[in-house]
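J.: If you want the building blocks of each chain, they are given just below.
4 protein chains.
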Amino acid sequence: MAATRKLRMGMVGGGPGAFIGPVHRLAAEMDGKIQVVAGAFSQSAERSRAAGERFGIDPGRAYADYRQMIEEERKRSDGIDFVVITTPNHLHLPIALAALEAGIPVMSDKPATATYEEALALEAAVAKSGLPYGLTHTYAGYAMVRHARAMCSAGRLGKIRKVAVEYFQGWMSKPIEATGHKQAAWRSDPAQNGQGGSIGDIGTHAFHLLEYVSGLHVTSINATLRNVVEGRRLDDDCNAFLRLSNGAAGSLACSQVAAGELNELRLRIYGETGSLEFRQQDPNRLIVKWLDGPEEIHHAAAPYLSADALAVGRTPPGHPEGYLEAFAVLYREFADALVSWQEGDKNPLPPTLPGIEAGVRGMRFIDRVIESNRKEGWVEF
Amino acid sequence: MAATRKLRMGMVGGGPGAFIGPVHRLAAEMDGKIQVVAGAFSQSAERSRAAGERFGIDPGRAYADYRQMIEEERKRSDGIDFVVITTPNHLHLPIALAALEAGIPVMSDKPATATYEEALALEAAVAKSGLPYGLTHTYAGYAMVRHARAMCSAGRLGKIRKVAVEYFQGWMSKPIEATGHKQAAWRSDPAQNGQGGSIGDIGTHAFHLLEYVSGLHVTSINATLRNVVEGRRLDDDCNAFLRLSNGAAGSLACSQVAAGELNELRLRIYGETGSLEFRQQDPNRLIVKWLDGPEEIHHAAAPYLSADALAVGRTPPGHPEGYLEAFAVLYREFADALVSWQEGDKNPLPPTLPGIEAGVRGMRFIDRVIESNRKEGWVEF
Amino acid sequence: MAATRKLRMGMVGGGPGAFIGPVHRLAAEMDGKIQVVAGAFSQSAERSRAAGERFGIDPGRAYADYRQMIEEERKRSDGIDFVVITTPNHLHLPIALAALEAGIPVMSDKPATATYEEALALEAAVAKSGLPYGLTHTYAGYAMVRHARAMCSAGRLGKIRKVAVEYFQGWMSKPIEATGHKQAAWRSDPAQNGQGGSIGDIGTHAFHLLEYVSGLHVTSINATLRNVVEGRRLDDDCNAFLRLSNGAAGSLACSQVAAGELNELRLRIYGETGSLEFRQQDPNRLIVKWLDGPEEIHHAAAPYLSADALAVGRTPPGHPEGYLEAFAVLYREFADALVSWQEGDKNPLPPTLPGIEAGVRGMRFIDRVIESNRKEGWVEF
Amino acid sequence: MAATRKLRMGMVGGGPGAFIGPVHRLAAEMDGKIQVVAGAFSQSAERSRAAGERFGIDPGRAYADYRQMIEEERKRSDGIDFVVITTPNHLHLPIALAALEAGIPVMSDKPATATYEEALALEAAVAKSGLPYGLTHTYAGYAMVRHARAMCSAGRLGKIRKVAVEYFQGWMSKPIEATGHKQAAWRSDPAQNGQGGSIGDIGTHAFHLLEYVSGLHVTSINATLRNVVEGRRLDDDCNAFLRLSNGAAGSLACSQVAAGELNELRLRIYGETGSLEFRQQDPNRLIVKWLDGPEEIHHAAAPYLSADALAVGRTPPGHPEGYLEAFAVLYREFADALVSWQEGDKNPLPPTLPGIEAGVRGMRFIDRVIESNRKEGWVEF
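Residue numbers (the numbering used here), protein chains in the order written: chain A, 1 to 381; chain B, 1 to 381; chain C, 1 to 381; chain D, 1 to 381.
If we strip away everything but chain A, and leave its shape as in the complex, we get (with noise of 0.2 Å):
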């Protein structure tokens, strides 16, 4: 009987400097399912040579180019079993088909693509590829975000008739992309982020979430799009008006200028008969309102949720998961689908798993909030 083996990880981007590559790191890891072996951390062999070392690996496996990676990683027999994409959006594309090409699995960071087109081609690509994609909406994986999803999906609020998401921030309340900040810097440069601003960074985080619990489409939007911080070459404040596949109508909402929130990401659905309230500042509870009877608080890993929701806990109640936690539940189901994958399963993803659709529909949202913000008006999604 042998211990299981760990899948083997490479990961673009993540150099020194870098917020959310230690991140993918650690959520990858977290299972004891991944294992990170090699990465194209940074363009520079230096950088890359030094993230690779914080991270563990065999020094002759920290590349200063994807492309390398890739190549020198199939020839190997413990080889990589897929990339992860922790880079500025506008590489998201052109790594994600030269791993595709190359036969490897692809995790990508979100959104998919710098462009609606370049998700198109993805979404071929990936078709084609007959690979597994995921992609790291970190926030599906709360298991209260499960929960609620479970709920709506059995009708436990009646038929949902509004729907409120948005996603506050107010971390770029001042100009710090001309001061130096990295993070800042790049998404806010559109040929390194794409056209879409806040809606891009975290619209598309709130647009998806809305989607993923609901069950519902968003099928016409009616968007605003402000650049608040003077001499800011992309949007960092969004309203939107939305029409749903049922015929229910809602309101997104992002801000990167709301000075004084953190990471305000709050849901609110709406049923004829009760609602659900989701925020990531406060993970581990669900807030559920009926039009009859007491207000309910439901609680992480307590007996009574949904099992979609027991599924992904590692703790007992009253032992908050975080961020993390969540982000390494998209990992672990990952994990699993490429294990099944490599056992021959020809369609290993999970629902749970926001994959290739959920990127081209964050996509095509980004795309039609610029539209929609440029008529001033309605646009059909």
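Don't take every hint at face value.
Chain copies aren't distinguished; within one or between two, either way the pair holds.
Here are the computed lysine-lysine pairs in the DSS-like style, where the Cα-Cα straight-line distance is at most 25 Å [what the hints assert, rightly or not]: (1) 33 with 6; (2) 346 with 128; (3) 33 with 346; (4) 182 with 6; (5) 128 with 33; (6) 174 with 159; (7) 6 with 346; (8) 128 with 174; (9) 174 with 346; (10) 128 with 75; (11) 75 with 182; (12) 33 with 159; (13) 174 with 375; (14) 33 with 375; (15) 75 with 33; (16) 6 with 128; (17) 6 with 174.
It is worth saying that the hints were derived from the structure and are not from the lab.
Since the structure of chain A is already known, use the hints to place chains B, C and D on it.
T.: What follows is chains B, C and D alone, placed relative to chain A:
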């Protein structure tokens, strides 16, 4: 030295089954400056007498018609000092006009009238009469609303960039107007209520609170209305984008079909350096979040509050005041203004007390929302 | 058909600078059943007149001595229906005795007297007189306290196993009694206040709330008192263990030197199958946690509440009531009882209104805490 | 340049059905500095192998006996760097002694041993060995606990006057140890658990947190224990008064029969000028209340936090960390200390990491509580 004379109030509306009439009585009398002495509580003489008895007034002063009340009370040496209007909206204008023409000041429930045209007519009548006119936008009476207003006015948040106000209720989630619910019935009937459903009943409160606290004016609006409950004759749900006089933008949402919500009026204002949040259901706290520095919770009656906030409280910190106390603040301010006016002051109304200007803007709001919804796009305010 | 006559109240205490006097006036009059018409507001004739003027009473009925008030009012056909006592504690007994001897019912601020012996004397006098006597343990007037009490009484939590009550304030964190703070000065003076400092002022509230809601009696107590602020003459901090009549156990803590706390009265009751939590600073909600099943929040005025809770509210769900409304509930119950008594009912006081029994138990509590602290161990109650 | 070597961990306990074993694995490996490579997960060889497989270790290093593990691993050039103990309490001492005698550092779950006498023996063994010994008082790893500790240490609250710590759970509200609940069974068995029931399992956490944050020592204690559930062999509920080394006083309460509570560990510390509140179920916030000035909420990872708090976080503000991250902080500190020790540092353990001193004090706490309960009065610590 004589005891301070209480001002004598004559009420129109507030008969058996009314919600808001007894609230006006209680609020008016709370601070010991006003006493209800007369009323045309119902158009049924019998029901008016029954209400009068409940209010403890002289049976001879419970009238079945407001015109009769005005006529009879004018003849008395101890006649009413002012009229308060608590009827359905379509009666607001004729009653106010009758009082003003008789030289009697008016305190009115909101909205000021049933239509924008009526509001302009009322504005002219108030101006012509030179009489005090107050409007009970209750939420303006909360100490923490006063504090928020003072903070904005003092520039504590820097330039305001973004506002978000919402007023969600769930009580009309079912077609209760069709099954004998009196409060729902007149609110759903355009003939009694005017053209605005949720936007007239609660949207005007949200709109007023936003302008009252921020000190800004809405300059254009893009709104979408829905009648979510089948067969309902007026809107029960609204989402609106706003542009404000200083270039800021924002959103306003209201709903009577947000199942599970009770009376969730919530205002957030974002400036360059910080933000405010007020929730009507938690009215003794104001949440203040700074771009740099810890989040703060300001508590009612605490010595660090602004003078305007401290001026209206009655209890020490930690002893919660509520909706009725907020209501009573408006009556207290109106009473003080009335005494000044009786003593010769031509402009006795304090800027903190909503009056005819707020009334006209509120009716304009309803008018503009309906027009924007019709056009499916932006309209000037 | 005549208008309902308001009951006439004569107040002792409440002169200029008083906190609780105006609160009693407001609370007594809130529901339209009582009117203050006379008072011995201060022992200075001038200050009493000034207070009377503020309250809007006939100047001839503002007395400088409570004995004079009682004597004069008895002679009037429209004399007072009852006396309310709002003085420092050492005057509670003589005033109450004077009123009872004159055949006048009494409503008293808490604690009932200055010492346990006095409380026994008062109990005997009340019994002998056959007159209604009420005690304003304000917190018993909250709707959600009534709801909690009804839930315990109905066995909703199973057998009660554990209680925890605490009442934390910070306003006496510095020796403010030495620097002219009137409220602190008399509360720190054993001659005016009696032997209990924090335990008399707020500990008695906590004790009463615990017994009132749980329906249990404290049977023994183990308490430790401290005078945290140097030079303070009475305790300002207390921790106590409790044993209760059904075998349950618990804790009671109070403090006036819990810096940063405002008026943090919080009660938790744990039964076999669930628990309750009430916080006075958030009084329109009751938190109910179940051993099996989601946590619940019960909201004031919601239709699913117990009848006792619904009986005392004035506003619909989501329209917060506060401290003054709770206070007024006790006055309303006292007024209704007084009318019944005037109509011949010998036992008109409802079980929901604290009376002399609660007063005696509260004074016994102070006595037992001091004794336990002296002995450094358990004492029978 | 070589990749940083991960430290090799050998686990005792953590076999199938264990709760805390997998938590240790996850926490130990989270920051990429440690890898589990060996274990004596169960006394059944088969079950130990099954657990080892789940953890992904070499089957040859899954032992059925901790002594065997120690012996075999010592022989290997790639043998374990330290042992972690996750068994029931009665095995803590023998395992720790075996490891220390073999020259292997120890990380242990709490409490340190099963009895106070054992703790003294362990303390002597640790001292004699000169080896690093860490104790996983998990809650000491939260960033906001570190922040609270730093605030106390810096005197931000003035002199500490009062503390209140409580740890309430409800999961043992029924006699589940009698019906096959493994976690409840050994915790209720004095032979496996030691003499402290709730006080050993959770009271020691509360006690440690209090001393850890306040920087004060408990000097005497007055405690009362109960076995609330009939037939239970150990205490399931405790209330205790405390006296602290600077003259402050306080309370400690813990319960496993607080029905409806999940894992409600809450610490409040009151100083002359302000107070702190930490709730484990809301661990990314610290509530700070000032005697003068607004209440504050300090958020994890915010730049205004103390250096100690910022040192332990992994994610930006608004991205919640939880229980597992707190746990991992202790392992990260232990790993760093171990590397220093391997490089020759004789005193590598940082003061922020609980060690044998905390272990001895925790066992002394249990001993003193039991003695105080027996005496029904105060005992010296």
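J.: Each hint should be assessed against the structure and marked as holding or not.
T.: Verification of the supplied hints:
1. Taking the shortest Cα distances, residue 33 and residue 6 sit within 25 Å of each other both inside one copy (5 Å) and across copies (17 Å).
2. For the homomeric pair residue 346 and residue 128, the shortest alpha-carbon distance inside one copy (13 Å) is at most 25 Å, but the shortest distance between copies (60 Å) is not.
3. Taking the shortest Cα distances, residue 33 and residue 346 sit within 25 Å of each other inside one copy (21 Å), while across copies they are farther apart (36 Å).
4. In this homomeric assembly, residue 182 and residue 6 never come within 25 Å of each other (Cα to Cα): the closest approach is 33 Å inside a single copy and 30 Å across copies.
5. For the identical chains of this complex, residue 128 and residue 33 are neighbours neither inside a copy (27 Å) nor across copies (40 Å), given an alpha-carbon limit of 25 Å.
6. In this assembly of identical chains, the alpha carbons of residue 174 and residue 159 lie at most 25 Å apart only when taken from different copies (13 Å versus 42 Å within one copy).
7. With identical chains, the CA atoms of residue 6 and residue 346 are at most 25 Å apart within one copy only, with a shortest distance of 21 Å there and 36 Å across copies.
8. With identical chains, the CA atoms of residue 128 and residue 174 are never at most 25 Å apart, being 44 Å at best within one copy and 50 Å at best between copies.
9. For the identical chains of this complex, residue 174 and residue 346 are neighbours neither inside a copy (48 Å) nor across copies (47 Å), given an alpha-carbon limit of 25 Å.
10. Proximity of residue 128 to residue 75 under the C-alpha cut-off of 25 Å is restricted to the intra-copy arrangement: shortest distance 23 Å within a copy versus 53 Å between copies.
11. When the C-alpha separation of residue 75 and residue 182 is checked against a cutoff of 25 Å, the pair qualifies neither within a copy, at 35 Å, nor between copies, at 49 Å.
12. Taking identical chains as interchangeable, the C-alpha atoms of residue 33 and residue 159 are never at most 25 Å apart, the minima being 39 Å within one chain and 47 Å between chains.
13. Proximity of residue 174 to residue 375 under the C-alpha cut-off of 25 Å is found in neither arrangement, the shortest distances being 28 Å within a copy and 36 Å between copies.
14. Taking identical chains as interchangeable, the C-alpha atoms of residue 33 and residue 375 are never at most 25 Å apart, the minima being 48 Å within one chain and 54 Å between chains.
15. In this homomeric assembly, residue 75 and residue 33 come within 25 Å of each other (Cα to Cα) only inside a single copy, at 23 Å, whereas the closest approach across copies is 29 Å.
16. In this assembly of identical chains, residue 6 and residue 128 lie within 25 Å of each other by CA distance neither inside one copy nor across copies; the values are 27 Å within and 40 Å between.
17. Taking the closest pair of Cα atoms, residue 6 and residue 174 never come within 25 Å of each other, the shortest separation being 44 Å inside a single copy and 41 Å across copies.
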